[in-house]
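Heads up: the sequence lines are chains A and F, in that order.
Residues in the first sequence are numbered from 29 upward in steps of one, following the numbering used here.
Residues in the second sequence are numbered from 889 upward in steps of one, following the numbering used here.
Keep in mind the hints are simulated off the structure, nothing from the lab.
Treat the hints loosely; a few may be bogus.
Unchecked claim - Negatives, chain F to chain A, calculated, CB over 10 Å:
id, residue
1, Ala914
2, Glu916
3, Gly972
4, Ala1014
5, Leu1072
Unchecked claim - Derived DEER-like restraints, expressed as beta-carbon distance ranges:
id, chain 1, residue 1, chain 2, residue 2, range
6, F, Arg1035, A, Ser67, 40 to 46 Å
7, F, Pro1024, A, Arg104, 56 to 62 Å
8, A, Gly142, F, Ser1017, 18 to 24 Å
9, A, Arg104, F, Ser1027, 35 to 41 Å
What the hints assert, rightly or not - With the Cβ distance kept under 8 Å, some of the chain F side facing chain A (calculated, not the full set):
id, residue
10, Ala903
11, Ser952
12, Leu976
Glycine is no exception: its CB is placed at the ideal position from the N, C-alpha and C atoms.
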Amino acid sequence: MARFLHALALGVFGAGIVHIVILLLVPAYSERDAWSALSQQANFYHPVRLDPPGAPPLIASLDPLVDAVACRFDLRDGVVQVRSEGMVPYWSISAYERAGLNIYSLNENSSPQGRFDFVIATPAQMILLRNAMPPELNDSIFIEADTTEGIVVVRAFVPDETWEPSIAQWLRDVECTLH
Amino acid sequence: MLKSVFLTVLALGIALVGGAGSVWLALERDFGFGSVAIGSWIAFPDHGTPEADPYSRARFSRDSDLALGRAEGLVFTARRDDGGDILLRECAYRIEGEMPPARFWTLSARDAGNGVIRIGGGRSPALHSQALLRRPDNSVAVTVSGRPAPENWLALDGAGPFSLALTLYDTAIASSARIAEVELPRIVREGCDG
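Chain A on its own, in the form it takes in the complex (with noise of 0.2 Å):
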């Protein structure tokens, strides 16, 4: 009975161990991300609609009202650069690193005369383009970010269907280009 008892109490530890591991492992072995979706539809720096109009859109959590582009991007190849010209009611951007994790996103608030026009950059890219700024990337806005293959999101709110026209002509004007 002791050994039966030993047993069981050995069974519950080890069921907290394999929870452990197995929570831990379930990120780095997931196939499903937003990663894979995109790598599907396009080469990095080509922006793809994340709900293609008459299709089920490829992020399930998106927003009904909200249209969205992403492009993939490598910071080992250099800076990348994302603008598009012209007005929208609200947008807003977003960094997310390989695994898809938000790390850097703002609104059309927060930018000056809501322009937009980012450049996407690793500490270490700053310093250099602090040095020597190429004039190109003169007006644009930087984001730090600590990676080296990445998704950016730029989300456009669709008030009404009369928006849409003028929205996805927005969002297809996003360019997304390496510099």
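Dock chain F against chain A, hints included.
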């Protein structure tokens, strides 16, 4: 000999089944240390950020998700009404009360697979704060039901459980430590079909 083999197998079995099963259960239920519950609404302010707890991280990685950042907004989800019953698509609900400060908010209904419930006829799948009927005291009441309702109506169809997603955009409460003191509207069941 046989007895010790049996005991070893028993201990190993409990460890593997119990360990894996408890992780699965914790991920299926909305278990998390970082959750904030206000009435029937639950939010995970750290969801999808590097600060998230391991349960939130594991749940996040199981579905391809890109969560809203702190500066973008915060999502509150409700799966139950204020009476504690699971939200059902064949029932009618009234959502009434104060909304926390935000630039704007949207309210949508999602099915069991987290897909947005869309009914035909050109109706918008979600309501938002910039196009709502308001009472003289600026409060808002929304009816969520399968049958058309006066004032603000969020349309449902079909049967089975659903959840409500209330997304607050550009809201100060997302980055505030006092998020649990925020007031959110009540969800009251009005009646069911059948």
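Consistency of the hints with the structure:
no.	hint	in the structure
1	Ala914	violated, 8 Å
2	Glu916	holds, 13 Å
3	Gly972	holds, 25 Å
4	Ala1014	violated, 5 Å
5	Leu1072	holds, 17 Å
6	F:Arg1035 x A:Ser67: 40 to 46 Å	holds, 44 Å
7	F:Pro1024 x A:Arg104: 56 to 62 Å	holds, 59 Å
8	A:Gly142 x F:Ser1017: 18 to 24 Å	holds, 20 Å
9	A:Arg104 x F:Ser1027: 35 to 41 Å	violated, 52 Å
10	Ala903	holds, 3 Å
11	Ser952	holds, 4 Å
12	Leu976	violated, 21 Å
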